[in-house]
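Q: Sequence:
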Amino acid sequence: MTSIGPELLAESLSLLVYTVVAGVLTVGGVLVEHASLQHYGAGEAMIALWLAALGGVMLYAGAYGLGYQKVLSEFV
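Quick note on numbering: the sequence shown equals residues 1 to 76 in the numbering used here.
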């Protein structure tokens, strides 16, 4: 008798973790980019550039790195 329950549970759990982490990184990246625009508007260009770079890395990691390569590749 074969049981695929634990294997399916492990795959589903890892996919859920990747999805949550990708969502957190993407939303965090959008918020950091917004903070970057706020600092730029206040005249703090160096902090704005630093936050823009950090937000870009977070968006790349969340949307492309985890979201597209890990999560969506499971469905295609």
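It is possible that part of the hints are untrue.
[To be verified] Here are the in silico distance ranges between beta carbons for each label pair:
#	residue 1	residue 2	range
1	8	42	46 to 52 Å
2	38	63	20 to 26 Å
3	15	37	29 to 35 Å
4	13	68	25 to 31 Å
[As the list claims (entries may be wrong)] Cut-off 25 Å, straight-line C-alpha distance, at most; resulting in silico cross-link-like pairs (SDA-like, lysine to any residue):
#	residue 1	residue 2
5	70	11
6	70	8
7	70	6
Everything labelled a hint here was simulated from the structure, so no lab data went into it.
This structure is a prediction, so every number in the text was calculated from the model and none was measured.
Ideal placement from N, C-alpha and C gives every residue a C-beta, glycine not left out.
Q: If a hint holds in the structure, say so; if it does not, say that too.
A: Evaluation of the provided hints:
Taking the beta carbon of each, residue 8 and residue 42 are about 51 Å apart, inside 46 to 52 Å as hinted. Here the CB-CB span from residue 38 to residue 63 is close to 22 Å, well matched to the stated 20 to 26 Å. Taken as a hint, the range 29 to 35 Å holds for the pair residue 15 and residue 37, whose Cβ atoms sit roughly 33 Å apart. Taking the beta carbon of each, residue 13 and residue 68 are about 20 Å apart, not inside 25 to 31 Å as hinted.
Simply put, residue 70 and residue 11 have alpha-carbon atoms about 12 Å apart, close enough for the 25 Å limit, and the pair holds. This hinted pair checks out: residue 70 and residue 8 have alpha carbons roughly 17 Å apart, not beyond 25 Å. With a CA separation close to 20 Å, the supplied pair residue 70 and residue 6 stays within the 25 Å bound.
Hint compliance for this structure: hint 4 alone is broken.
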